[in-house]
Amino acid sequence: MKTVRFSFSIVATFILLIMISCDKTMPFAPEENTLLDGPIEGLSTEQQIQFLKGDEAFGDDIFTVEKGLGPLFNANSCASCHAGDGKGHPFIGFTRFGQTDATGNQFLNQGGPQLQNKAIPGYQPEQLPVGATFSKLLAPAVTGLGLLDAVSDAYLISLSDPNDTNNDGISGVPHWNNIPDYAKAQLRPNTISNNGKYITRFGKKGNAYSLLQQTAEAYNQDMGVASIFEAIDTYSGLEIDPEIATQQINDVVFYLKTLKAPIRRNESDLEVLKGEQLFTQINCASCHTPTLQTGFSAIDVLSNKKFHPYTDLLLHDMGAELDDGYTEGFALTSEWKTPALWGLGLSKDSQGGRYFLMHDGRATSIEKAILLHGGEALQSKNNYKQLSEAKQQQLLKFLESL
Amino acid sequence: MKTFTYYNPKTYILGALLITNLLLHSQKKSVDITRVKIDTSATQLNMDATYNRPFLKSGKVAVALGGYLEANSMYSSEDGVSEGLSFQARRLTLFMSATISKRIKFLSEIEFEDGTKEIGIEFAAIDVALHPALNLRGGIIMNPIGAFNQNHDGPKWEFVERPNMASEMLPATWSNAGFGVYGKTYKGKWTLGYEAYLSNGFDNTIINNTENKTFLPAAKENEERFEESNSGKALLSGKIALKNRKFGELGFSYMGGVYNKFEAGGAVLDKQRKLHVFAIDFNTTLKKTGTYIVGEYAFVSVDVPETYTQQYGNKQQGFFLDIVQPILKQKVLDWEKATLNIALRLDYVDWNLGTFNETQTNIGEELWAITPAISFRPTSQSVFRLNYRYQWQTDVLGNPPGMKAAWLFGFSTYF
Numbered sequence: 001m002k003t004v005r006f007s008f009s010i011v012a013t014f015i016l017l018i019m020i021s022c023d024k025t026m027p028f029a030p031e032e033n034t035l036l037d038g039p040i041e042g043l044s045t046e047q048q049i050q051f052l053k054g055d056e057a058f059g060d061d062i063f064t065v066e067k068g069l070g071p072l073f074n075a076n077s078c079a080s081c082h083a084g085d086g087k088g089h090p091f092i093g094f095t096r097f098g099q100t101d102a103t104g105n106q107f108l109n110q111g112g113p114q115l116q117n118k119a120i121p122g123y124q125p126e127q128l129p130v131g132a133t134f135s136k137l138l139a140p141a142v143t144g145l146g147l148l149d150a151v152s153d154a155y156l157i158s159l160s161d162p163n164d165t166n167n168d169g170i171s172g173v174p175h176w177n178n179i180p181d182y183a184k185a186q187l188r189p190n191t192i193s194n195n196g197k198y199i200t201r202f203g204k205k206g207n208a209y210s211l212l213q214q215t216a217e218a219y220n221q222d223m224g225v226a227s228i229f230e231a232i233d234t235y236s237g238l239e240i241d242p243e244i245a246t247q248q249i250n251d252v253v254f255y256l257k258t259l260k261a262p263i264r265r266n267e268s269d270l271e272v273l274k275g276e277q278l279f280t281q282i283n284c285a286s287c288h289t290p291t292l293q294t295g296f297s298a299i300d301v302l303s304n305k306k307f308h309p310y311t312d313l314l315l316h317d318m319g320a321e322l323d324d325g326y327t328e329g330f331a332l333t334s335e336w337k338t339p340a341l342w343g344l345g346l347s348k349d350s351q352g353g354r355y356f357l358m359h360d361g362r363a364t365s366i367e368k369a370i371l372l373h374g375g376e377a378l379q380s381k382n383n384y385k386q387l388s389e390a391k392q393q394q395l396l397k398f399l400e401s402l
Numbered sequence: 001m002k003t004f005t006y007y008n009p010k011t012y013i014l015g016a017l018l019i020t021n022l023l024l025h026s027q028k029k030s031v032d033i034t035r036v037k038i039d040t041s042a043t044q045l046n047m048d049a050t051y052n053r054p055f056l057k058s059g060k061v062a063v064a065l066g067g068y069l070e071a072n073s074m075y076s077s078e079d080g081v082s083e084g085l086s087f088q089a090r091r092l093t094l095f096m097s098a099t100i101s102k103r104i105k106f107l108s109e110i111e112f113e114d115g116t117k118e119i120g121i122e123f124a125a126i127d128v129a130l131h132p133a134l135n136l137r138g139g140i141i142m143n144p145i146g147a148f149n150q151n152h153d154g155p156k157w158e159f160v161e162r163p164n165m166a167s168e169m170l171p172a173t174w175s176n177a178g179f180g181v182y183g184k185t186y187k188g189k190w191t192l193g194y195e196a197y198l199s200n201g202f203d204n205t206i207i208n209n210t211e212n213k214t215f216l217p218a219a220k221e222n223e224e225r226f227e228e229s230n231s232g233k234a235l236l237s238g239k240i241a242l243k244n245r246k247f248g249e250l251g252f253s254y255m256g257g258v259y260n261k262f263e264a265g266g267a268v269l270d271k272q273r274k275l276h277v278f279a280i281d282f283n284t285t286l287k288k289t290g291t292y293i294v295g296e297y298a299f300v301s302v303d304v305p306e307t308y309t310q311q312y313g314n315k316q317q318g319f320f321l322d323i324v325q326p327i328l329k330q331k332v333l334d335w336e337k338a339t340l341n342i343a344l345r346l347d348y349v350d351w352n353l354g355t356f357n358e359t360q361t362n363i364g365e366e367l368w369a370i371t372p373a374i375s376f377r378p379t380s381q382s383v384f385r386l387n388y389r390y391q392w393q394t395d396v397l398g399n400p401p402g403m404k405a406a407w408l409f410g411f412s413t414y415f
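Residue numbers (this note's numbering), protein chains in the order written: chain A, 1 to 402; chain B, 1 to 415.
Extracted from the complex, chain B is given alone in its bound form (with noise of 0.2 Å):
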C-alpha cells in the first residue's frame, strides 16, 4: 500500500466521521443542514474548482462536507486477447473545508484509489484573503498546470479513464507541499485570474523507472515530496486565465525546476537538469446549441544526460479534447433537470519527441484514442457514463501499434 502523506489517514476518516456525526446530530436538533451549491456564474475560472464543490454545510458549524465515489465496470481486450470483465472501485474521495476566521479558510481533499491500494492527500492548505487579487495560500497545493489536475472531480467528466495526456504524461492529480499566491479581477465580461507557487517537486525516478520512458507520474510515488525537494530547488508552477463570459475560459500555465538530485554531502552527483512544462487549456459552451468544449495541450521538456538511453526522451506532447453534447434536459422520473449527453473524446499523447540519432527516423512511444460516450445526469451531481474506447499505442521503435478497446459502465457522484 502506497500512502503520499504525511497524514494518517484512519485519523482523518475518523475525524471525518466524528463531524458527520456533528452534523448529524445537529440535524436531530432542527438545523438545516444543506448542499452547497456549485457555481455556475460566469465569474467562475478553473482555477476555483478546488472549493467549489457541493459541500454539506449545517448552519452552526464552520465545517462543510462532501466527497465523491466513482466506480465502473470494464470489459476490454488488447490484440484480440481479451482481458474480461473487471468492476473497478476507482476513487473514493474526502473533501472537508472550515472557515476558520474571516479571511482564512481551509480545505482538504483525501483520496482513496482502487480500494486502498494508494491513499493520498491531494490537497490541504490553508488560504488567506487578502483582497480579490492576492490570496495567500500554503500547506499541500495542487500545481495548477493545465486544467485537469485542478478540476478533476470524477462526477464532472463524461468519461470513465482520466485523459491520457493529464495522468500519464502530465502527473494529475499532481499535489506537492508548497506555499504562494493566487487572485482574480474582473472588468466587464472579462474575468482574469492567476496562480504562482513554489513547491517541492520531480526527482530522477521520471527518467529511471519501469514505465521505460520518461514518465512525469512516476514522481507521484516519492512520499518524500511532502518533507523535502528531492533536488534541493523549488519547483515553480504559475497559471493565467483568462475567461471571457461569451467566448469561454483560456489559460497558460507553466510548471519547472530542477529535478535531479545533483548534490549529496558536499559532492557533485551530476549537473543541474531542469524540466519545463508548458500547457493550454479551454473550455467553452456554445450558447447555441449547449455544447461544451473542454481541452488542454502540454509540451514536456527534459533535461536527459545524453549518455543516458534515448529511450528516455527529451521531448513530449499531448492533448485531450472533450465535446459534449446534451441531447435531453427535462424532467425524468423524480429528477427535475436530468440531461442525457452523448459526447466524443480524442487522447493523443507522444511520450518521445524528435528522431533517433542513428537513423534520423521518427521515435514511436505515442498514443491516440478515442471515446464516444453517453452519459446520463440525473442531477448535476450524479453521472452514469457508458463509454467505448479505442486506443492504439506504438512501441518506442514506432512497430505496428498494438490496439486496445474497452467497454466502460459506471458511475461517478458527488455525496
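Excised from the complex, chain A in its bound form (with noise of 0.2 Å):
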C-alpha cells in the first residue's frame, strides 16, 4: 500500500507542477524582429479583422484542380511562392519572355509574358517558345508593400534624376506605364498620369500599378485563377468565370498593405553603425534611398509616415550582366527597379536557410550580390571591392540588419 501510495503521489505532485507551469513549458514566440508576418501597428479592430482574413486566404489558402487550379499554373497558393511573406525559392520561381523593347511582347499569343511550367494531371505545361528571351525571376518579399504603395507619385518624381543632373552617375526614372482598366478605377489620391500612362512600382520591373493588379495578375499568371479582374484562362486565353470571390482578392490586397515593415535587429550595434556609414559613403543610398515618406492613404496608419525600405521605387539601368533580354511595359531590358532592401537579414528564414538574392536568386550571399551590380552601380560596386575586408564585413553587416 505505501508503494501505491508513493507513486501516486509522485504523479500527483508532477501533474500538479505541470498546471502551475503550463505556459512554461510551451514554446517561446519567436523575437517580433525575426519575422516578417504581422499586422502594421494601429489598426483598428474591423481592419485585423480583414487583416486576419487576409493572412488565411494568403498563407493557407491551397488551390485544388477543383478550386480552380491551372490548368496551367506555377503556384498552388500564395505563400508558396511567398513563404513566411519573404522571398521566393528557386524551386518555386518563374520565367517571363517575350518582349525585347518598348513596342510591347511579341509572344502574347504563344502563352506570353509568363512562362506556366507547371500543369494539372492530365494537361502538358508550357514551353518556352523558340526565339523569346526571357528572365527567370523570384517572388519578392511582401512586407510593408503599403507604405511602398503610400508613397506619392509627385515624390518618386522628386527623387528621379532621368538627365543624371547631379553627375553622380545614377539617373533612377519612374516608370511611365499603361495600365488595365481595372486599375484606373482605383488610383491612389494625387496619382500623376503622363499621355495616358501612370506611374508603375510593382514588380521587378516595376511593371505594375497597385497591389490590385499585383495581385489580380499574380491569381491569373501565377495559379492559373480567373477573377473579374483578370478573367482570362491562361490556358485557353478565353474569358471564363471568375474562380475566386472579389472578396477574397480584396482581403488579401488589404493584408498586403498593412503587413507590418521588417524590423531591425542589431540596430546599434557598432559594427552595424560603422557600416550604415559606408552605406552611404560609397553611395549605395542613391539607389537603396533610405527613408521614404507616404503620403494620403485611406488606411489611416499608412497615412504621411517616414519609413526605411531602402529603395526608391525607381527604374535603373543595372549593366549587361544583368541584362537578360527581356523587359515589361517601357523598361529597357537592363533596367530593373530598385528592389527594398529591408527585411534583407531575414531572407535566407523564408528561403531554406540560404540566400537566393537579385533578380533570379543566382546570388547565393549579400556580397555575392554587390559583386553582380553593374550599370549605373558600377562604381558603388568598385567602392566596395575597394574597402577593406573590415570594412566589408562592418557594411555586410549592416546589410544583415535590414
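You may find that some hints are simply not true.
The list that follows gives simulated cross-link-like pairs (lysine-lysine, DSS-like), each with its CA atoms no further than 27 Å apart [said to hold, decoys possible]:
1) Lys-67(A) x Lys-37(B)
2) Lys-105(B) x Lys-213(B)
3) Lys-53(A) x Lys-404(B)
4) Lys-67(A) x Lys-288(B)
5) Lys-67(A) x Lys-274(B)
6) Lys-260(A) x Lys-189(B)
7) Lys-213(B) x Lys-53(A)
8) Lys-53(A) x Lys-271(B)
9) Lys-189(B) x Lys-271(B)
10) Lys-156(B) x Lys-67(A)
11) Lys-261(B) x Lys-136(A)
12) Lys-67(A) x Lys-184(B)
13) Lys-288(B) x Lys-331(B)
14) Lys-287(B) x Lys-337(B)
15) Lys-24(A) x Lys-404(B)
16) Lys-368(A) x Lys-391(A)
17) Lys-67(A) x Lys-261(B)
18) Lys-274(B) x Lys-117(B)
19) Lys-305(A) x Lys-184(A)
20) Lys-37(B) x Lys-288(B)
21) Lys-315(B) x Lys-67(A)
22) Lys-368(A) x Lys-385(A)
23) Lys-213(B) x Lys-156(B)
Read the hints as simulated data drawn from the structure, not as lab findings.
Hints are included, so try docking the two chains, each in its own frame, into the full complex.
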C-alpha cells in the first residue's frame, strides 16, 4: 500500500507542477524582429479582422483543381512563392518571356508574358517558344508594401534624376506605363498621369501600378485562377467565370497593404553603425534610398509616415551582367526597379536557410549580390571592392541588420 | 458532416440499441452476460485485433456488442501563440459481431469522430473459415498496411494522439470495400500469419488537396470508394507476420495500385499512375523488465507527374516508436490489476523525401515529435493518460521549424 501511495503522490505532484507551469512548457514566441509576418501597428478592430481574413487567404488557401488551379500554373498558393511573407525560392521561381523593347510583348499569342511551367495531371505545361528572350524571376518579399504603395507619385518624381543632373552616374526614372482598366478605377490619391500613362511601381521591372493589379495578375498568371479583374484563362485564352471571390482578392490586397515593415535587428551594434555610414559613403544609398515618406492613404495608419525601405522605387540601368534581354512595359532590358532592402537579413529564413538574391536568385550571399551590380551601380560596386575586408564586413553586417 | 458509408448510421445505432436492450432484457431473466476477454495468448497476431476485443456477449444471443470511447482535454501552443484549453470527444466506436453459422461470422465497427463531424463504417465484413490457414473475408475491410491501421483502438494505447506516421502519412483508419483471404499457421514457438486483399483504393486527391503535399489520408474524403474504384483498378494490400513467443512479432506489409482516374468515357485522361506503400512493424515485451515496445516504419512511393509541382513529393517515409514501462502493478482501490505506466513515443514523418531539382538542397516538409506520458490502467480495458507532446515541423523549404507543444489529459475505455 505504501508503494501505491508513493507512486500516486509522485504522479499527483508531477501533475500539480504541470498545472502551475503549463505556459512555461510551451514553445516561446520568436522575437518579433525575426518575423516578417504580422500587421502594422494601429489597425482598428475592423481592419484587424480583414487583415486576418487576408492572412488566411494568402497563407493557407491552397488551390486545387476543383478550386480553379491551372490547368497551367506556377504555384498553387500565395505562400508557395512568399513563404512567411518573404522572398521566393528557386524551386518555385518563374519565367517571363517575349518582350525586348517598348513595342510590347511579341509572344502574347504563344503564352506570354509568363511561362506556366507546371500543369495539372492530364495537361502539358507551356514550353518556352523558340526565339523568345526571357528572365527567370523569384518572388519578392511582401512586407511593408502598403507603405510603398502610399508614397505619392510626386514624391517618386522628386527622387528621380533622368538626366543625371547631379553627375553622380545615377539616373533613376519612374516607370511610366499603361495600366489595366480595373487599376484605373482605383487610382491612388493625387496620382499623376502623363499622356495616359501612370507611374507603376510593383514587380521586378516596376510594371504593376497597384497591389490590386499585382494580386489579380498573380492569381491569374501564377495559379491559373481567373477573377473579375483578370478573367482570361491562361490555358485557353478565353474569358471564363471568376474562380475566386472578389472579396477574397480585396482581403488579400488589404493584407498586403497592412503587413508590417520588417523590424531591424542589432541596429545599435557598433559594427552595424559603421556599416551604415559606409553604405552612404560608397553611394549605395543613392538608389537604395533609406527613407521614404507616404502621402495620404485611405488606411489611416499608412498616411504621412516616414519609413525605411532602402529603395527609391525607380528604374535603374544595372548593366550587361543583369541584362537578360527581356523587359516589361517601357523599361529597358537592362533596367530593374530598385528592390527594397528591408528584411534582407531575414531573407534566408524564408528561403530554406540560404540566400537566393537578385531578381533570379543567382546570388547566394549578400556579397555576391553586391558584386553582380553594374551599370549605374558599377561605381558603388567598385567602391565596395576597394574597402578593407573589415569595412566590407561592417557593410555586410549592416545589410544583415535590415 | 461527412459520412463514408452507404449504411445509415442512425439505423445502425438503433439496431445496436435494440440488441443491447435484448441483452439487458435477457439479463433480467437471469441469462448471463459475459465480457469476452481479450486473448493475450502468444499465438495472437496484430491481424487478430479486429475480432480480439472485449465484447459483451449473452449466452443465448449469437450477437456480441462492444465499443470504446475516448475523450481528452488539451492545452496547446504553437510558436508562442496559445490555442488555449480545449475538450475533445475524439471517438465513439461501436462494434457488433455475430456468428451467423458455423464457420461464418460477421463483425462491424462504426466510428463517430469529433462528435458527429465524421461518421464512418471502418469495418463490416463476413468471414468464412475454411481452415485456420485459409479464411475468406469480404465487405468493408481494413487494409493490412502496417500494424496500427488494424489495431487502432484507443484503449490499447498510452497516448492520446495517434501516431503521425499512421494517421497523417498513412491514412489510418483506412478501409475499403474489398475481398480477400487470410490465415495463420503455427509451429513450436512460431506463428505465421498472412493477409491479402483486393479492394477499392486511392484517388487523385492524394496529390491534389488543401494540405499542399502528397497526402494519402485525403483519399478518405472520397465517399465513392465504398461503391467504385476511382481508377478502375484494384488496390492490392497484403501482409505477412511472423511471431516468436520469446522475441515478439514482426510484420511486413505492402499496399499498392493505380490511384488516378486515367480514362473516362473511353478517353485517355492520363497515364496510369501507381502508388506503393511498404511497411514494417514490430512489437515485443521484454520479459525481464516488462517493457512493451511497439513501432512501425513505412515508405511511400507515388508516381507524381513530372510536370506537376514539387510541392507534392513522390517519396515519403515515417516511423513511430512507443516504449511503455509498467512501474506499478497491483491492487488499487477495487481494481485488482491496476497498472501505472510511464511511456515515451517518438514520431517522425517526411512527407517529401528528396532534393529540389533547382538547388539540389533538401526538401523539407518534415515533422519530429516526442511525447513522454504517464498512464494509469485500472483494468486492461480502460486507460487514463497524461501526455506532453513537443513537435517540430518544417515547411517544404526547410525553413526554421514551427514548434508546437501540448498537454493532453484524457481517457479511453472499452465498454
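Hint check results:
no., hint, in the structure
1, Lys-67(A) x Lys-37(B), "violated (50 Å)"
2, Lys-105(B) x Lys-213(B), "violated (40 Å)"
3, Lys-53(A) x Lys-404(B), "holds (23 Å)"
4, Lys-67(A) x Lys-288(B), "violated (57 Å)"
5, Lys-67(A) x Lys-274(B), "holds (24 Å)"
6, Lys-260(A) x Lys-189(B), "violated (67 Å)"
7, Lys-213(B) x Lys-53(A), "holds (23 Å)"
8, Lys-53(A) x Lys-271(B), "violated (39 Å)"
9, Lys-189(B) x Lys-271(B), "violated (48 Å)"
10, Lys-156(B) x Lys-67(A), "violated (40 Å)"
11, Lys-261(B) x Lys-136(A), "violated (34 Å)"
12, Lys-67(A) x Lys-184(B), "violated (48 Å)"
13, Lys-288(B) x Lys-331(B), "holds (21 Å)"
14, Lys-287(B) x Lys-337(B), "holds (18 Å)"
15, Lys-24(A) x Lys-404(B), "holds (13 Å)"
16, Lys-368(A) x Lys-391(A), "holds (16 Å)"
17, Lys-67(A) x Lys-261(B), "holds (18 Å)"
18, Lys-274(B) x Lys-117(B), "violated (31 Å)"
19, Lys-305(A) x Lys-184(A), "holds (25 Å)"
20, Lys-37(B) x Lys-288(B), "holds (25 Å)"
21, Lys-315(B) x Lys-67(A), "holds (25 Å)"
22, Lys-368(A) x Lys-385(A), "holds (11 Å)"
23, Lys-213(B) x Lys-156(B), "violated (30 Å)"
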